[in-house]
Structure formats: structure tokens, C-alpha cells
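Heads up: the protein sequence lines correspond to chains C and F, in order. Residues in the first sequence are numbered consecutively from 1, following the numbering used here. Residues in the second sequence are numbered consecutively from 1, following the numbering used here.
Keep in mind that the hints were calculated from the coordinates and are not lab data. What you are looking at is a predicted structure, and each value in this text was computed from that prediction instead of being measured. Think of the CB as a built atom: it goes at the ideal place given N, C-alpha and C, for glycine as much as any other residue. Don't take each hint at face value.
[Unchecked claim] Which chain F residues face chain C? A few, computed with CB under 10 Å, are given here:
no.	residue
1	N69
2	H100
3	Y119
4	H192
[Stated by the list, open to error] Which chain F residues stay away from chain C? Per the calculated CB distances, all over 12 Å, these:
no.	residue
5	V73
6	K79
7	I83
8	L126
9	L142
10	W159
11	M168
12	E185
[As the list claims (entries may be wrong)] Partial pick of chain F residues on the chain C-facing surface, computed with a CB cut under 10 Å:
no.	residue
13	I173
14	F187
15	W206
16	K208
17	T211
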Amino acid sequence: MLEKVNVWADIIGFGAWFIVIGVFWIADFIIRLFTGQFAHNVLGKHDVKIKALLGEYEAKPGEELAHKH
Amino acid sequence: MAKLHYAAVPRRLAHFIHLICIVGLTVSGLFIRFPLRVPVFIGVDGMKWVHYGLMYVIGITLILRIIYNFFTVDKSAYKDFAIGMKDIKNTPAVLTYYAHMKDDYPAVANYASLQKVTYNVFWVLLLIQGYTGFALMWREPLLGWCAGVFGDVAVAAAWMRVFHYIGMWIFVIFTTIHTYLSVQEGFPIMKHWVFWITPPWLKGEWEKHLTEGAHH
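Pulled out of the complex, with its shape left as it was, chain F reads as follows (with noise of 0.2 Å):
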């Protein structure tokens, strides 16, 4: 089982945006998708202005995400998600442990190794869903290097819907798997995260860290 680490609020604030964010933007999504299947008292156009809105929320909370991972006083921040030789060595044990063939949890890092492919997973492909989105809006300035790949704007845009509906796929599958295992592997740090409940000896570890950080 994962160790509990103390997350600093804007981590934690920055995941719960998030969270909210990818449940509506997945619904609203999907409505989009199957308009007449699916009857909501704002119809489609106003399922359109939710995915819009919340478009623009996740889109700002993922650059600040960034900019506090380099920028702040949670120096270790990037290095959570940075895959190195000793994670993919250790990936085999992981998986292992994964199917209940192997009892201890090997942990060699804040995050295991299919973790942090995760976590890259999901910002990666918030950057792809946010320009594949944008660019069903602003066609020619976003497709218009790339139309004649496709034939013209047009078709460019039909395809970027269809990249932008199987991303949202590829995004809810990896979704599912980590709210499952964040259950199952570390209810205390889906506690923490999610609920915000903070035991108080982690506030203590958080104030050593920050301590260390300015040392070094």
C-alpha cells in the first residue's frame, strides 16, 4: 500500500478542480455526443456552454498546475511525475503486485511507475483535448497549417471531434482505473486529497519539508 505524503492545498485544490472539471466535461461531452438519447432540461446548446466553461476552468487550472510545479516553494514538485531507469526497472514488481502475485507494495519513488505514466497520461492528453477543442472553435487559425492534410477546415475539424471524442475515452479508462485504485491502494491519500483530511502529524511533515528545501 502507497505511504501517505502531505500535499500542499494548491496540489490538492488544483486535483479537486480537476475532478470536478473531468466529471462534467465527460457528461457534458457525452450528451454532446448523443443529444437525442440522452433528454437534459438545458438541451444540447446549453450542455455546449457547460463543456465551454468548464473548458476554460481546467484549461487555467492545468497552467497554473504547471507553473507551480517548476515555480513555488513545493521544490519536488515535477519530480513526482519524472520517469526515470529505476521505475521502469522496478514496473515488472508493480505489475506483479498489481495482479496479487506479490504482497509488498514496491515502492521506490513518491509515485509507483504505472502512477506517474498515469499522471503524464492525463496532462498530455488535457493538452491535446484542449487544442483538438479549441480548434473546433477557431478553425482557421488552429487548422489551417494542417487543412490540407485532411482536404480543407472543414473536414479538419471533423476530425479533430473524432481525436477529441476517442482522447475522452482514452481519458475516462484512466480515470476509471485511478479512482478504483486510489481507493484500494491508498484510501488514507484519496482521504487527504479529495476530503481534505489531514492527520496532524502531516501538517509536521510538510513543515520539515519545506524546512530541508530551503537549506538545500
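Here chain C stands alone, though its shape is the one from the complex (with noise of 0.2 Å):
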């Protein structure tokens, strides 16, 4: 008994931490790099090398960009 309790913690918590790092530290991610979410709040700037691949976003006069072409 103690020992099947051990295996499926043991399954059950690097499954459930693998889910977790897939959701956040992988999915959330790209989510927020292409809403430019990460450069808005981690580099403080607009992502200009993302958004111009979509061809969306132009620099405003003045903007200072995080990354120049």
C-alpha cells in the first residue's frame, strides 16, 4: 500500500509539474510573446522583431524600439 502510494505520487507529481511548466513556462509564454505581452511588461518596450514578422506593428515617431532592423 505504502509503496503503490509512493509510485503514484511519484507519477502524479512530475506529471502534474510537467503540465505545469507546459501551460505556463512554455504555452503562456509564446502566448505572450506574440501578444506582445513580455515586451510590454518584462523589457518594457514594444517587440517590434515579433510584431513585424506578422507585419503589424510600425514604430511611432520618437518610440524607442527594443529591437531595429
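Two chains, two frames, some hints: make the complex.
Next up, the structure:
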């Protein structure tokens, strides 16, 4: 019984941890990259590199850019 | 995005010590659980001593942090963790914000409702981890009262080890989310708490807080 619970704790623990990493550190991060939230919240600037690839963003006059091409 | 407020030195120091301890306890704890699969030069016995040492450090820091919450000049310290009706009502807004369905950060207090839940989980879980951990060392005094439920003290201790391990996973999962969101949602706050980067205007806010506290 004890050993079974231990093994299930291993499986559920590692499984849930990997899911959390997948949801937050990977999926949510990709969303934040494409929506510009990462550039705004973390870099403090508009991330032109990503938005320019999508043809969405052009710098306003005098605006400082995170990535210049 | 959450607003940056000044965090007093004892708060940041306790947070930093906890950060180091949690990383150390998790690594050493996993090594104790999987001793043959992760060879380390100090061995299982060495890792146990690291685990015990960090356990005392985090335990003492937690007690001091609780005392700090109630008996120091930082009078609002404990209020930051209190969950009220306004926090419960605000939770759907917090969830929709984190799900990228809402643009504005729904601030009703210093910490969002789910933040408060997380921080409360941390200290409650630390107490549980402390008890289940110490119970492995001092079996008779700490497990004598409940040994009958499990069969005997040795079996009770074996179950405590399992509960301790499950508690570790809950702690690791909450910490993983906490670490990610602290970078994404509060980068200046994370820099202030972890790397002690303090803009000059923040110190003025702290002095104002102390002055106001003295008046009330």
C-alpha cells in the first residue's frame, strides 16, 4: 500500500509538474511573446521583432524600439 | 500588471532565505527519494544532513517572519495575506486576466486573490512539511498520539514520509507558477524582491508608510 502510494505520488507529482511547466513556461510564454505582453511587461518596450514579422507593428515617431532591423 | 511597492528589508531577506532553502530542500529531498539514480559526491547521508540543516534555517526564518508580521513597525505585513470578500468577488476577474481574456489588471489589494491563496499555501504547507519532517526524526513524541490510527509508530512514520513527499510536490508546483508569474506579471517587483533593486522613489514611499503608521 505504502509503496503504491509512493509510486503514484511520483507519477502524479512529476506529471502535474510537467503540465504546469507546459501550460505556463511554454504555452503562456508563447502567447505573451506574440501578444507583446512579454515585451511590454518584462522588456518595457514594444517587441518590434515579433510584431514586424507578422506585419502588424510600426514604431510611432520618437518611440524607442526593443529590436531594430 | 501588478504595482511595485517597497518591501522592507526583513521581508526581502526572509524571502531570499526561503528561496535558497526551497531550492536546496527540493534538490536534496529528491536525491533522498531517488538515491541511486542521481549520483552526487556527498552521497545520501550528506544530502540528508543538507536537508536537515536547511530545514532548521527555513523553520527559524518562518517563525521570525510570522513574528515580524504582527509585532514590528511594518504594521500592514499580515494584512497582505488576509483573504476577504472583495478578494473572493475579484477572483473571476483575476482568472480571466491570467487567461488573457481581460486586458486590465484587476487590483483590489496589494496582492491579487490567487496570489494571497498561493502565499497562504506556502506558509501552511511549510508548517505541515516541518511537522511531517520532524516526525521522521522524533517519532515517539510527535507520532505517539496518532500511531494507533496507522497501526504503530513505525508505520505512522512511513506515512509521514509519504505525506512529506506529496507536500513537496504541491510546494514545487505552486513555486513553479509563482516564479513564472513573478517574472511575467511583476518584473520590477521580482527585481526588487530577489535582486534588491530599489528605485529611489520607492524609499520615499516606505518612509511615508512609516510616518503614516506612526500617526494611526
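Here's how the hints hold up against the structure:
{"no.": "1", "hint": "N69", "in the structure": "28 Å, violated"}
{"no.": "2", "hint": "H100", "in the structure": "6 Å, holds"}
{"no.": "3", "hint": "Y119", "in the structure": "18 Å, violated"}
{"no.": "4", "hint": "H192", "in the structure": "14 Å, violated"}
{"no.": "5", "hint": "V73", "in the structure": "32 Å, holds"}
{"no.": "6", "hint": "K79", "in the structure": "26 Å, holds"}
{"no.": "7", "hint": "I83", "in the structure": "22 Å, holds"}
{"no.": "8", "hint": "L126", "in the structure": "18 Å, holds"}
{"no.": "9", "hint": "L142", "in the structure": "19 Å, holds"}
{"no.": "10", "hint": "W159", "in the structure": "7 Å, violated"}
{"no.": "11", "hint": "M168", "in the structure": "8 Å, violated"}
{"no.": "12", "hint": "E185", "in the structure": "7 Å, violated"}
{"no.": "13", "hint": "I173", "in the structure": "5 Å, holds"}
{"no.": "14", "hint": "F187", "in the structure": "5 Å, holds"}
{"no.": "15", "hint": "W206", "in the structure": "23 Å, violated"}
{"no.": "16", "hint": "K208", "in the structure": "25 Å, violated"}
{"no.": "17", "hint": "T211", "in the structure": "31 Å, violated"}
Against the hints set out earlier in the document, violations occur for numbers 1, 3, 4, 10, 11, 12, 15, 16 and 17.
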